[in-house]
Amino acid sequence: MKISDTLIESIKKDTESYSAWLKKIKLTVDKDYFLAGPFASPEYKSWPRYHDNFHYPLGMRKMLSLGFAGIRDAALRNSHNFKGNQREYLLLTHEVYKNITGLIARFAAVAKDKNLGDIYRICNNLSRRPPKTFQEACQVYWFCAVLRIGTSTIGRIDQHLYPFYKGDRKKGLIDLDKAKLIIAELLYRFEKRGAAKGDTLQNITLGGKNSYGEDEANDLTYAILELAAGNKYVEPKINVRVHQNSSKRLWNLITELQMSGRGICTIFNDEAIINGLIKYGRPKEVAYNYCNDGCSEIILDGFGETWFRYIDCVKAIEHVLFNGEENLPKRKKMQYYSKNEDYLEVKAPVQKGQKTGDFLMMNDFPAFYRAYLKQLKYQIDIMLREPYNSDKYPMRLFTAATMPDVLEKAREPYANKSCYHTYGLFIGSLGTAVNSLAAIKYLIYDKKILTKPKLLTALQNNFESYPLIQKLCQQAPKFGNDDDLVDKMAVGIAGKFAVWVRAYKDSTGQPILPGLYNHLFHHTAYSVGATPDGRDFGSAIGEHISPTPGTAFSGPTAIINSVCKINVGEQIFGSTLHLNIPVTSLKGTANPQDIIADLAKVFCLKGGCVLNLNVLDYQKLIEAQKHPEKYKDLLVRVWGFSYYFVNLSKEMQDHVIARAKAL
Amino acid sequence: MNGFITKIQRFSLHDGPGIRTTVFLKGCPLTCVWCQNPETIAECPEVLFLNAHCIGCRKCVKSCPKKCFSWDNQIKFNSVNCNRCGLCIDNCPAEALNWSSHELSSDDIIREAIKDKLYYDLSGGGLTLSGGEPLAQIGFCYELAKKAKSLGLHITIDTSGYVPRAALEKIMPFVDLFLFDIKFVDRRLHQKYTGQPNDLILGNFQLLCKLKKLVIVRVPVITGITDRQDNLFRINDFIKQIDPAIKIDYIPFNALMLEKYKMLGKTVLAKI
Ligand code: SF4
Ligand code: SF4
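So the sequence lines, in the order shown, correspond to chains A and V.
If you use my numbering, the first sequence corresponds to residues -19 to 643, in order.
If you use my numbering, the second sequence corresponds to residues 483 to 754, in order.
Hint data in this document are derived by calculation from the structure and do not stem from the laboratory.
No residue lacks a Cβ here, since even glycine has one placed at the ideal position from N, Cα and C.
Label-pair ranges, simulated between beta-carbon atoms: (1) Asp199/A x Lys729/V: 33 to 43 Å; (2) Gly606/V x Met341/A: 50 to 60 Å; (3) Asp589/V x Met341/A: 35 to 45 Å; (4) Asp719/V x Ala570/A: 20 to 30 Å; (5) Cys539/V x Met341/A: 29 to 39 Å; (6) Gly472/A x Asp725/V: 53 to 63 Å; (7) Lys489/V x Pro143/A: 55 to 65 Å; (8) Gln440/A x Asp554/V: 33 to 43 Å; (9) Lys489/V x Gln331/A: 36 to 46 Å; (10) Glu236/A x Val543/V: 49 to 59 Å.
Straight-line Cα separation of at most 20 Å, EDC-like style, residue types lysine to aspartate or glutamate; simulated pairs: (11) Lys599/V x Asp464/A; (12) Lys160/A x Asp98/A; (13) Lys489/V x Asp463/A; (14) Lys160/A x Asp12/A; (15) Lys428/A x Glu577/V; (16) Lys692/V x Glu651/V; (17) Lys228/A x Asp574/A; (18) Lys628/V x Glu651/V; (19) Lys427/A x Glu577/V; (20) Lys629/V x Glu585/V; (21) Lys586/A x Glu594/V; (22) Lys586/A x Asp464/A; (23) Lys599/V x Asp463/A; (24) Lys597/V x Asp464/A; (25) Lys11/A x Glu165/A; (26) Lys212/A x Asp613/A; (27) Lys92/A x Asp10/A; (28) Lys545/A x Glu594/V; (29) Lys599/V x Asp574/A; (30) Lys6/A x Glu171/A; (31) Lys212/A x Glu609/A; (32) Lys146/A x Asp199/A; (33) Lys586/A x Asp603/V; (34) Lys597/V x Asp463/A; (35) Lys427/A x Asp572/V; (36) Lys432/A x Asp338/A; (37) Lys567/A x Asp731/V; (38) Lys468/A x Glu594/V; (39) Lys428/A x Asp572/V; (40) Lys(-7)/A x Glu23/A.
Next up, chain A with everything else stripped away, as it sits in the complex (with noise of 0.2 Å):
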């Protein structure tokens, strides 16, 4: 495993570009705060992402056991034991992190001015050595945010703080309460930092269970919980990690969160997970690591990068009706999400199929759903050709760093076998497009209510001056009403995607990872025509794994059973499902933290992965959307994130009050 010419050259060319930003650093250290650093980080000069995309954390266990003192040393001592580009790639890591050692010495002379002693001590320290207290843990925390230049995924953060809190508990040297402040701080720290920029990707992980089945819960975890409970922040994004023997305290927490109707606290079933990610050929301590990123996908704390692509199946429908053409009314332009963006015009990930034939000529259902499959894995093949990562952006070094065996064996983290990158393929709206599956199935094929060029010239005029057929569609039967025969649909179409995405393998010859998940869901409403389902052009679309909103009518408890028929365990790059409860069905019940939680738990019972429970006030949403500056701090879930609701675009408000009221 050497390390190419081009490689070292393109590192050597970050290295200098990063040393110089570096310097950019803000000295800022206050009397009011525990912790030295800025808020914020400097620009950068090109655009970051390229040896960093941010998604994933930094290997906190080895950042914490060495400090920036005891990496700098280690690659200094190691680069003896290799020559060329391998030497090189250590004496340069040497370099950068001497240069972090040295401005971290900074902060200490300024804290030493304004006569800040805590301060003080604790930078001096750093810039010589690893943590040992808990509030020098905090402090290395804070700088690898800043040093890490964009918001970036945080990881498990009450698990690598817990050994520095106990130690300190051990001596006597803080208590409780005391922690609370400094944790406190660094929750406030991430608000600041977030700047309510909405998708920052500040997510933590919090609990969990270790290989031995025992709750790793801990008095940070429930410090956190409760604070984020009191405090109103966006940030960071607070994910749980739930087992059968979590306990009711955390249940508690959880559910208290999910009521607030911020769209916060999602949940991550520790069972189905890490089963399903030594399925995958992760080995069990790095699979009992797992943690989560913006999107909820699932990715390894400490254990190297990740990346994702995704394509549409509902666009696939589309391609088998229109013999792989599109069938847009028009072409849209959008933004991301926020209103504050720019307008950019939306495309399908694959916008032309395959020839699958012509639909009027497809006699019986089978051929429609051969032809359907042939679309997809079309889409599949194209999206997963090239390979993930390339020699052109090898990983900044700072980050490198921290992952396993960088080090020690002077291997890049992207051809390093011991990382267990996450580099996943996402499938999103299945629900919706299992719906126009079953309405095809059932309207022409089975009951034959309705004729093949009639269901094409709907579609083809948007189902305008086509209100009964458009009807009809609607009321075909839909996912996410515990219906077997829809449901099974969306069973099999996500066991030959999970099939055909493993066989993909990355550069350290790992499997891709399948998902079902889409969090351009708004867009994909405008990038696909109107669907057999009777959705017109840029109605609401299925997100993630959940049914299309307004089409499940039964309740969260068939929700629940009809996405949990799909082995969602093996969909382990993240299949989220977004429920929604309105508030009102809740009034009156004399526990609905307890309803809520039970929905949750038998949500894992069955094997379900990630779960994004909110309580939603319908009125509140509508009531927003004419009334703005009455609801500025109106909090609601876009995808991975919460976001103020007067702040997102006209269409992604849209979304967001239609999937509201779905029940």
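Place chain V with the ligands on chain A using the hints.
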């Protein structure tokens, strides 16, 4: 055995403890002027009109021999003369017209109810039989409750109490909780607003209490009718003197019902 069912409601949170499935049975011997589920009063199926589904094709206007439908920019449905021939339902292409109840076997219902067993087990929920007056179809209820009990489901019966004592005794062994409606203690008022006297109801209530059955009393709070202070006091006194531990729930009036009367082509009975 088959029963007449108007609706099966999953994730029902207000008809007993925990997460439940509520089965609404058709038929009720009382005619409360404020009835919230008018589609459940009559024993036979009726035509139900869903304006939201209607596409305005007017096929119903043409097909109805009794002229129950008229067109005035939208469909107007008046069921007074309806003979339940079902022609309109057969002819409606948009499923805007449907029977208000369906004949289902106890196994059909069990199959539906068992889908949420895990939710019941975790939340302490189960199956609720409501109506109408579920015990008006006592044979069917008995079979259903027995089967459900053998599968370990918690069973709640939501009853008006206006049922033969024998029916109550028959179902009792399978029931974990009775939600028991008490509207008036005054016999005359009861007759006036529900069409029947209340001796049977109060007697049945006393029987359940005597046998130490778990009962929660539900009082529908209807403005100007049941909500008078003296009525509410009398109900409270009556219950507390039998057993002070019995819980009383006051159920506020549901405005949704006005829509429902329209669907049935009827006018509301009470002037509210
Ligand atoms: S037949 Fe059905 S769809 Fe047509 S007007 Fe009557 S109710 Fe409406
Ligand atoms: S069922 Fe009633 S409303 Fe329908 S066609 Fe027959 S008489 Fe008319």
